[in-house]
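Peer 1: So the chains spell out like this:
There are 2 protein chains.
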Amino acid sequence: MTQKRHFDTDLDDLRARLLRMGSLCEEMIHYAVKVIVERDSAHVAAVQEWESQVNRLHIEIDEVCLKLIALHQPAAGDLRFLAAALKINSDLERVGDQAVNIAETATYLIKEPRIKLGDIPRMVEVAVGMLKDALDAFSRGDVELAKDVIHRDDEEDRLKSQTFNELVQLMQSDASAIQRGMDVILIARNLERVADHATNIAEDVVFMVVGKDIRHPGSRPPQE
Amino acid sequence: MTQKRHFDTDLDDLRARLLRMGSLCEEMIHYAVKVIVERDSAHVAAVQEWESQVNRLHIEIDEVCLKLIALHQPAAGDLRFLAAALKINSDLERVGDQAVNIAETATYLIKEPRIKLGDIPRMVEVAVGMLKDALDAFSRGDVELAKDVIHRDDEEDRLKSQTFNELVQLMQSDASAIQRGMDVILIARNLERVADHATNIAEDVVFMVVGKDIRHPGSRPPQE
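From first to last, the protein sequence lines stand for chains F and H. When the count follows this note's numbering, it moves up by one through the first sequence with no breaks and lands on 226 for the last residue. When the count follows this note's numbering, it moves up by one through the second sequence with no breaks and lands on 226 for the last residue.
Any given hint could be a false lead.
One copy or any two copies: either way a pair holds, since identical chains are not told apart in the list.
To be verified - For lysine-lysine, the following DSSO-like pairs were computed, each having C-alpha atoms within a straight-line distance of at most 27 Å:
(1) LYS149 - LYS214
(2) LYS118 - LYS69
(3) LYS69 - LYS113
(4) LYS69 - LYS149
(5) LYS214 - LYS69
These are calculated hints, taken from the structure and not from any lab test.
Based on the sequences and whatever the hints tell you, model everything.
Peer 2: In structure tokens, the structure reads:
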């Protein structure tokens, strides 16, 4: 390896922390949903333990970003990288919150008789896959992969609507399933939001790499 | 007024843009809920029009923040102000998204017979009040006001739970109300998220002013 600037090492370290935070969030989602699928509340403790780690990383990463900006006064690409890191950090922290919400709803749900879960298992796969790939795209600066993540958000929305419809039908035919059906629908919403955060991250990656804002295709950036 | 540095004028301009964006978001929430309260879909167009403005401001503000960091290489307080502006910008954009979601759900809802709205009107007051005060706190660097906003989030959660319970009871006694009841619950969730964004903004204000991270009281920042 050739000699690297100290700043580059700092950026590598920051990237590694964000990826670690991302892996923790992926595990949190998996285990939060395992609570309902395996009907085992033991997984809640794991989710809570990881949440503390995610919250610690959230604070650390913000501090590291600000310190690097203040010390190295980066321009252009490096500055966009650090701004993206600040935003991705916020998104990941909220993915962790969604996992905690899912685990809490799941805890109530498994005290009641079983209920169908619609497309929840597939929604987990899609959302976690999007999150994983958005972070890979960030790590490698891969714009094509980031764009692919953005497209997959439609699939998650479709699965959510399907789950909604299936559960509403069930609730209409069986009033005793209303409370539980609501809980499943709220979990589907949480997963949809995880996919939204992955989409935000992917959009930040595109901005970071090409310096172009693709977040609002209809809005023209200001002419200055 | 004494002579100000050019940088201070730029910061004032940035602050003004964020406040304008905040006012637009407040209007969007009000008008999105007016669709259901007044049962008038004409308000949807206003929400959509403001959304384009919010999206434009979102892009502009990010660009201004990055440009100011690159040009002026600010340290300490100014850098925290700019980092807070980047984060507040993202939160406001998502408040706008929540308003659009509410307006869309409301459009379906008003095609059906009337249904009770639980504490939705009060939830709007609390959420919009929190947002307004969070932005005032940002504008004036008022930590006490920011902390007050953070406390008020409990009130919004309480109203949401009350609305959930009321609607679930209705759905259990009247199967024909299930689809509409779900829609009201989803709108309550959207409003709860607006309050969450206001809370995030208030937390960013505290960090900006006192340089202390209060977001995860249980997590100790890294010792370096």
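Peer 1: Provide an ascending list of the numbers of those earlier hints which the structure does not satisfy.
Peer 2: 2, 3
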